[in-house]
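Colleague: Residues per chain are reported as follows:
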Amino acid sequence: GAGVSQSPSNKVTEKGKDVELRCDPISGHTALYWYRQSLGQGLEFLIYFQGNSAPDKSGLPSDRFSAERTGGSVSTLTIQRTQQEDSAVYLCASSLVGGQPYNEQFFGPGTRLTVL
Amino acid sequence: GENVEQHPSTLSVQEGDSAVIKCTYSDSASNYFPWYKQELGKRPQLIIDIRSNVGEKKDQRIAVTLNKTAKHFSLHITETQPEDSAVYFCAASKGGSYIPTFGRGTSLIVHP
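Protein chains in written order, with this note's numbering: chain A, 1 to 116; chain B, 1001 to 1112.
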C-alpha cells in the first residue's frame, strides 16, 4: 500500500512569508509525528498527534510554528513569518498505534524548506 | 527527559570490514531501542530494533546489542558493502511514551 506522503517536496520562500507543509500518513495509522532535520543534523522532534489531538507540542521551537490534524488523517505544519534558520527538511512519520513503545515509525520523504 | 548520545559522528571503513556504532541513553526506564538507516536524499527506515528484555538481536549482517546496566546499545554491521553507506540513527523510548529520542546520527562510508 501507499506509504507516508508529504507535499510539497521542495519549498523556497522569502523571509517573513508563511508556509504550509502537508503530511498524509499511512491509512489507519493513528499516531503522527513531525520532525525537523537540519543539514547534517539529527532528527529534532516537533510535535506528536494521537488522532486529532496533540498531547505533546513540546518540540515546537517557537509560537511561529503550529500544526493541526483533521479527521485523524492529514496533518499540516504551518510556519508563520519564516526565518532563515527555519531552513531544513521537515519529516513526517506515522505509526499504527501511539502510546506503545514498540510501534515502528514510517517516515515520509520530507519537505525541503529553503528560506531566502 | 531522555538524552541519547551517539558515536562516532562519522565512520569510514573498507568494504568487507565490520562497523560498530554506539549509543548511550540516560533514562533507565527506556525499554525500546530502534535503529534507522537514512540513505542520501531518502527517508529514514527502520532496520533493526531491540527491546529491553533481550541482550542481542541479529538479522543477517546486522546485529544490535544492549547493556541495560551500562545504559548503552550498539549496532554492528559485518562484511560491509558500499550500499551500507548511509546515516544511521539510534533511538530510545519507554513504555507509555510514544516519542523516541534520537541520537544525532552516524555517517557510515564504505569504500569499495
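Treat the hints loosely; a few may be bogus.
[As the list claims (entries may be wrong)] Taking lysine-lysine pairs in the DSSO-like style, the calculated list, with each CA pair at most 30 Å apart, reads: (1) B/1058 with B/1071; (2) B/1094 with B/1058; (3) B/1057 with A/11; (4) B/1042 with A/15; (5) B/1094 with A/11; (6) A/11 with B/1058; (7) A/17 with B/1042; (8) A/57 with B/1037; (9) B/1037 with B/1057; (10) A/57 with B/1058; (11) B/1022 with B/1058; (12) B/1057 with A/57; (13) A/15 with A/57; (14) B/1022 with B/1094; (15) B/1022 with B/1068; (16) B/1037 with B/1094.
What the hints contain is simulated information worked out from the structure, not anything from laboratory work. All values derive from a computational prediction rather than experimental measurement.
Colleague: Next step is simple, just say for each hint if it's right about the structure.
Modeller: Status of the hints after comparison with the structure:
| no. | hint | verdict |
| --- | --- | --- |
| 1 | B/1058 with B/1071 | 19 Å, holds |
| 2 | B/1094 with B/1058 | 22 Å, holds |
| 3 | B/1057 with A/11 | 40 Å, violated |
| 4 | B/1042 with A/15 | 27 Å, holds |
| 5 | B/1094 with A/11 | 35 Å, violated |
| 6 | A/11 with B/1058 | 40 Å, violated |
| 7 | A/17 with B/1042 | 27 Å, holds |
| 8 | A/57 with B/1037 | 26 Å, holds |
| 9 | B/1037 with B/1057 | 17 Å, holds |
| 10 | A/57 with B/1058 | 35 Å, violated |
| 11 | B/1022 with B/1058 | 16 Å, holds |
| 12 | B/1057 with A/57 | 33 Å, violated |
| 13 | A/15 with A/57 | 24 Å, holds |
| 14 | B/1022 with B/1094 | 19 Å, holds |
| 15 | B/1022 with B/1068 | 13 Å, holds |
| 16 | B/1037 with B/1094 | 21 Å, holds |
In terms of the numbered hints stated before, the structure departs from hints 3, 5, 6, 10 and 12, listed from lowest to highest.
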